[in-house]
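Protein chains: 2
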Amino acid sequence: MSHLFLSDAAVGYLPSPVRDVWELSMQPGMISLAGGNPDLRLSDTRWMAEAAARAITDHGDEVLQYGSGTGLSGLREAIVELMAAEAVTAPADSVQVTAGSQMALDLITKLLFTRGDTILAEGPTYVGALGVFGGAGVRVEHVDMDDDGLRPDALRERIDELTRQGRAPRALYTIPNFHNPTGISLAAERRPEIVEICREAGVPIIEDNPYGLLRFEERQVPPLHSFDPELVIYLGSFSKIIAPGLRVGWASAPTWLRRPLQLASEANVICASVLSQDLARTFVTRGGWREGVAGAAAEYALRARALNDTLSPLLPAGAELTRPAGGFFSWVTLPEGWSAVDLLENAVDEHVVFVPGASFYADGTGSRRLRLAYSLEAPLQLEEGARRLGRALERYGSVLAGTRR
Amino acid sequence: MSHLFLSDAAVGYLPSPVRDVWELSMQPGMISLAGGNPDLRLSDTRWMAEAAARAITDHGDEVLQYGSGTGLSGLREAIVELMAAEAVTAPADSVQVTAGSQMALDLITKLLFTRGDTILAEGPTYVGALGVFGGAGVRVEHVDMDDDGLRPDALRERIDELTRQGRAPRALYTIPNFHNPTGISLAAERRPEIVEICREAGVPIIEDNPYGLLRFEERQVPPLHSFDPELVIYLGSFSKIIAPGLRVGWASAPTWLRRPLQLASEANVICASVLSQDLARTFVTRGGWREGVAGAAAEYALRARALNDTLSPLLPAGAELTRPAGGFFSWVTLPEGWSAVDLLENAVDEHVVFVPGASFYADGTGSRRLRLAYSLEAPLQLEEGARRLGRALERYGSVLAGTRR
Numbered sequence: 001m002s003h004l005f006l007s008d009a010a011v012g013y014l015p016s017p018v019r020d021v022w023e024l025s026m027q028p029g030m031i032s033l034a035g036g037n038p039d040l041r042l043s044d045t046r047w048m049a050e051a052a053a054r055a056i057t058d059h060g061d062e063v064l065q066y067g068s069g070t071g072l073s074g075l076r077e078a079i080v081e082l083m084a085a086e087a088v089t090a091p092a093d094s095v096q097v098t099a100g101s102q103m104a105l106d107l108i109t110k111l112l113f114t115r116g117d118t119i120l121a122e123g124p125t126y127v128g129a130l131g132v133f134g135g136a137g138v139r140v141e142h143v144d145m146d147d148d149g150l151r152p153d154a155l156r157e158r159i160d161e162l163t164r165q166g167r168a169p170r171a172l173y174t175i176p177n178f179h180n181p182t183g184i185s186l187a188a189e190r191r192p193e194i195v196e197i198c199r200e201a202g203v204p205i206i207e208d209n210p211y212g213l214l215r216f217e218e219r220q221v222p223p224l225h226s227f228d229p230e231l232v233i234y235l236g237s238f239s240k241i242i243a244p245g246l247r248v249g250w251a252s253a254p255t256w257l258r259r260p261l262q263l264a265s266e267a268n269v270i271c272a273s274v275l276s277q278d279l280a281r282t283f284v285t286r287g288g289w290r291e292g293v294a295g296a297a298a299e300y301a302l303r304a305r306a307l308n309d310t311l312s313p314l315l316p317a318g319a320e321l322t323r324p325a326g327g328f329f330s331w332v333t334l335p336e337g338w339s340a341v342d343l344l345e346n347a348v349d350e351h352v353v354f355v356p357g358a359s360f361y362a363d364g365t366g367s368r369r370l371r372l373a374y375s376l377e378a379p380l381q382l383e384e385g386a387r388r389l390g391r392a393l394e395r396y397g398s399v400l401a402g403t404r405r
Numbered sequence: 001m002s003h004l005f006l007s008d009a010a011v012g013y014l015p016s017p018v019r020d021v022w023e024l025s026m027q028p029g030m031i032s033l034a035g036g037n038p039d040l041r042l043s044d045t046r047w048m049a050e051a052a053a054r055a056i057t058d059h060g061d062e063v064l065q066y067g068s069g070t071g072l073s074g075l076r077e078a079i080v081e082l083m084a085a086e087a088v089t090a091p092a093d094s095v096q097v098t099a100g101s102q103m104a105l106d107l108i109t110k111l112l113f114t115r116g117d118t119i120l121a122e123g124p125t126y127v128g129a130l131g132v133f134g135g136a137g138v139r140v141e142h143v144d145m146d147d148d149g150l151r152p153d154a155l156r157e158r159i160d161e162l163t164r165q166g167r168a169p170r171a172l173y174t175i176p177n178f179h180n181p182t183g184i185s186l187a188a189e190r191r192p193e194i195v196e197i198c199r200e201a202g203v204p205i206i207e208d209n210p211y212g213l214l215r216f217e218e219r220q221v222p223p224l225h226s227f228d229p230e231l232v233i234y235l236g237s238f239s240k241i242i243a244p245g246l247r248v249g250w251a252s253a254p255t256w257l258r259r260p261l262q263l264a265s266e267a268n269v270i271c272a273s274v275l276s277q278d279l280a281r282t283f284v285t286r287g288g289w290r291e292g293v294a295g296a297a298a299e300y301a302l303r304a305r306a307l308n309d310t311l312s313p314l315l316p317a318g319a320e321l322t323r324p325a326g327g328f329f330s331w332v333t334l335p336e337g338w339s340a341v342d343l344l345e346n347a348v349d350e351h352v353v354f355v356p357g358a359s360f361y362a363d364g365t366g367s368r369r370l371r372l373a374y375s376l377e378a379p380l381q382l383e384e385g386a387r388r389l390g391r392a393l394e395r396y397g398s399v400l401a402g403t404r405r
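So the protein lines, in turn, are chains A and B. Using full-length UniProt numbering, the first residue of the first sequence is number 1, and each one after it goes up by one. Using full-length UniProt numbering, the first residue of the second sequence is number 1, and each one after it goes up by one.
Careful, some of the hints might be misleading.
Cβ-Cβ distance ranges computed for the label pairs, FRET-style [claimed, not checked]:
#1 Thr114(B) x Ala84(A): 40 to 46 Å
#2 Ala85(A) x Ala378(B): 43 to 49 Å
#3 Trp47(A) x Leu24(B): 38 to 44 Å
#4 Thr114(B) x His59(A): 40 to 46 Å
#5 Gly288(A) x Arg395(B): 56 to 62 Å
#6 Arg115(B) x Ala168(A): 19 to 25 Å
#7 Arg290(B) x Gly288(A): 41 to 47 Å
#8 Val341(A) x Val11(B): 40 to 46 Å
#9 Gly74(B) x His59(A): 27 to 33 Å
#10 Arg167(A) x Glu320(B): 52 to 58 Å
#11 Arg290(B) x Leu380(A): 48 to 54 Å
#12 Val11(B) x Ala294(A): 39 to 45 Å
#13 Ala294(A) x Thr114(B): 45 to 51 Å
#14 Ala168(A) x Gly166(B): 29 to 35 Å
Hints were generated in silico from the structure; no laboratory data involved. Quick reminder that beta carbons are idealized off the backbone N, C-alpha and C, glycines included.
The whole structure should be built from the sequences, with the hints applied where relevant.
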């Protein structure tokens with residue numbers, strides 16, 4: 001891939017591991033637990049065709065023209081309403097609208113990091129974030145998680161260790177709710193502690209929260225943002241609650257970041273699709289979005305249960321499975337000595353696919369882990385997928401046992 | 001703007017000079033020659049409301065879901081058809097669809113440059129490109145233009161000079177057709193020479209062509225791309241021919257850039273708004289786009305003539321005015337000792353605004369130049385705007401003469 005004309009940045013980007021299994025997942029009869037797409041049949045989009053037509057006809061001079069650099073008038077206010085539903089209190093002028101929250105992460109990485117700098121992230125973490133960091137030449141150092149999410153003691157230790165090495169981290173990237181890829185949530189009591197550790201060390205936090213509204217239980221956990229809005233940059237998205245094809249997300253930025261973020265966004269794309277922004281605005285302002293999102297979340301909860309309840313008794317001794325309380329993913333840790341990539345071969349024979357875990361780590365670990373997405377298939381399909389995975393585990397387990405004998 | 005948490009990149013971005021005069025241009029009774037927006041009343045968008053509704057209703061699973069990293073199926077082929085109308089011959093798999101061609105420029109800058117590297121560009125050049133280069137820490141060196149565009153002798157000299165200084169340029173950024181801000185086009189006979197100079201020096205060319213289809217005359221000039229598709233990266237856009245609010249543009253990339261460009265684009269935004277991409281595709285595949293674009297170009301030609309024919313006899317001795325053969329802009333050079341910023345004060349009193357020229361240079365020159373956009377006002381308004389500017393020139397001229405006496 002290297003070429004005389006290319007800079008160092010060109011070799012840092014990573015191909016998507018989901019695409020690696022894409023062709024497999026398209027084979028007839030295959031059940032895919034790979035992609036992290038939302039199921040559009042669960043989104044309330046029946047209003048959208050008429051709303052799009054009306055926007056183009058009635059105010060085409062707004063939605064078809066160049067838009068404001070920070071975001072469409074009224075959309076930023078609508079986003080404040082969305083954020084309030086998750087106890088994020090932030091003013092409209094903190095909101096930078098972007099072409100998906102992926103873009104917000106890309107801009108923030110540009111604005112906080114120089115090539116060679118270090119960022120902290122959960123191990124494992126969102127593969128799309130690893131792609132951004134790789135392209136920016138930012139070194140990712142993982143912080144250990146347990147069933148309650150990021151471990152404060154591990155975070156403190158990692159910061160100290162890196163600082164001693166002269167590589168003090170310049171930010172922490174974290175997905176505290178229904179984490180991708182593990183489905184784990186950061187425990188409420190750890191949240192103020194995580195923020196305090198970062199504040200003391202002068203480490204800003206990028207809190208990525210695409211799944212927060214898709215919670216399976218009533219219980220509301222305070223966002224990291226609520227403990228220090230000048231330290232925490234909050235990222236949100238319409239992709240999982242309306243439609244990713246619109247490409248509308250946002251950052252709610254501390255005061256010191258707002259102006260650079262706006263200028264960097266304008267230099268990047270001028271503004272996000274104004275027609276898309278208009279539809280995102282209408283989604284909120286027409287009302288009823290809380291009920292629509294809660295309905296989708298209830299269905300995702302059924303799917304999580306269908307997959308995990310079926311799979312759990314089929315796991316070999318020593319394997320672990322997370323039981324998420326929201327979002328799209330659960331995460332399997334295989335017994336010592338097992339390989340997710342080898343399991344995938346057996347799984348494909350059984351007509352089920354998933355994403356092997358190593359892609360979610362920057363440091364080459366994670367070989368005995370795998371991500372299961374339950375977002376896109378119906379419960380009966382997921383149960384069948386779990387049974388197929390169970391058979392693949394059994395077959396692979398016998399082969400392993402045979403090899404060792 | 002600087003802050004402990006921000007990197008060097010955060011201080012390099014530039015605010016838009018068009019926004020600086022935005023509030024002025026919104027004053028009642030003001031005639032604006034400032035913004036470079038297309039006039040949507042000239043775009044054929046009557047089909048779009050129904051097409052958007054149909055796309056969402058009939059294939060919402062495509063246009064509302066995550067899309068391909070390179071671009072929507074069928075859109076890349078449609079772009080090949082668009083490019084062919086300008087004698088750009090490139091295969092569909094050379095096309096990377098982006099959220100506006102601004103994004104393509106931002107990605108390419110990332111992929112070709114390291115902070116501190118040098119790029120060549122016309123002096124003056126597109127202010128949005130200066131914003132991208134500033135953010136990336138890329139040093140802009142201008143190459144002189146005359147009425148036939150970029151001067152080959154000046155280009156050769158600049159490359160030699162910079163190379164001797166150990167700052168060999170890593171690319172040339174150029175807008176050969178109806179250049180922003182000057183309206184000048186690069187003469188046909190200079191084109192192969194420019195490409196040859198760059199090829200010899202190992203300098204790839206970024207050919208930005210947002211206005212090419214909006215030509216006032218039949219005559220077709222070959223693109224730089226046609227002389228070396230492996231050296232020239234071609235940028236195109238739907239913004240000026242349909243609607244900028246959709247945010248759909250593209251790069252047609254040499255083979256060595258395609259894969260890095262796709263990965264960088266995915267890391268940046270995953271994909272451009274799929275609904276917008278669908279509408280851009282429909283614009284081409286429904287047919288009749290050539291006639292629609294030609295009709296808009298004919299109206300822009302009337303506007304250019306209305307502004308320039310009225311203004312020309314009102315200019316003071318020693319002033320110059322470009323007469324573009326396409327696009328949105330003409331460019332005035334005031335006599336020695338005059339200042340465009342001081343003229344603007346007089347112009348605002350006469351209720352007409354423009355963008356002073358210094359913003360279009362990276363090196364602080366251009367103080368006696370100004371950009372006039374004729375894209376957004378009707379011919380009668382433009383004639384009135386020119387008369388007002390004539391009065392402002394006269395007033396400012398007398399003040400200057402008085403000061404000197």
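Here is how each hint holds up against the structure:
1. Taking the beta carbon of each, threonine 114(B) and alanine 84(A) are about 43 Å apart, inside 40 to 46 Å as hinted.
2. Our hint of 43 to 49 Å for alanine 85(A) and alanine 378(B) holds, since their Cβ atoms are close to 46 Å apart.
3. For the pair tryptophan 47(A) and leucine 24(B), the beta carbons lie near 39 Å from each other, so the given range of 38 to 44 Å is met.
4. Distance hint check for threonine 114(B) and histidine 59(A): the Cβ-Cβ separation is about 44 Å, which falls inside the suggested range of 40 to 46 Å.
5. Distance hint for glycine 288(A) and arginine 395(B): a CB-CB separation of about 58 Å, consistent with the stated range 56 to 62 Å.
6. Between arginine 115(B) and alanine 168(A) the CB atoms are about 21 Å apart, so this pair conforms to the stated range of 19 to 25 Å.
7. In this structure, arginine 290(B) and glycine 288(A) meet the distance hint of 41 to 47 Å, their C-beta atoms being roughly 44 Å apart.
8. Remark: the range hint 40 to 46 Å for valine 341(A) to valine 11(B) is upheld by a beta-carbon distance near 44 Å.
9. Checked against the given bound of 27 to 33 Å, the beta carbons of glycine 74(B) and histidine 59(A), roughly 28 Å apart, stay inside it.
10. At about 56 Å, the beta-carbon gap between arginine 167(A) and glutamate 320(B) stays in the expected band of 52 to 58 Å.
11. Arginine 290(B) and leucine 380(A) have their C-beta atoms about 51 Å apart, which keeps the hinted 48 to 54 Å range intact.
12. Taking the beta carbon of each, valine 11(B) and alanine 294(A) are about 44 Å apart, inside 39 to 45 Å as hinted.
13. Between alanine 294(A) and threonine 114(B) the CB atoms are about 48 Å apart, so this pair conforms to the stated range of 45 to 51 Å.
14. Checked against the hint of 29 to 35 Å, the C-beta distance between alanine 168(A) and glycine 166(B) comes to roughly 33 Å, which is consistent with it.
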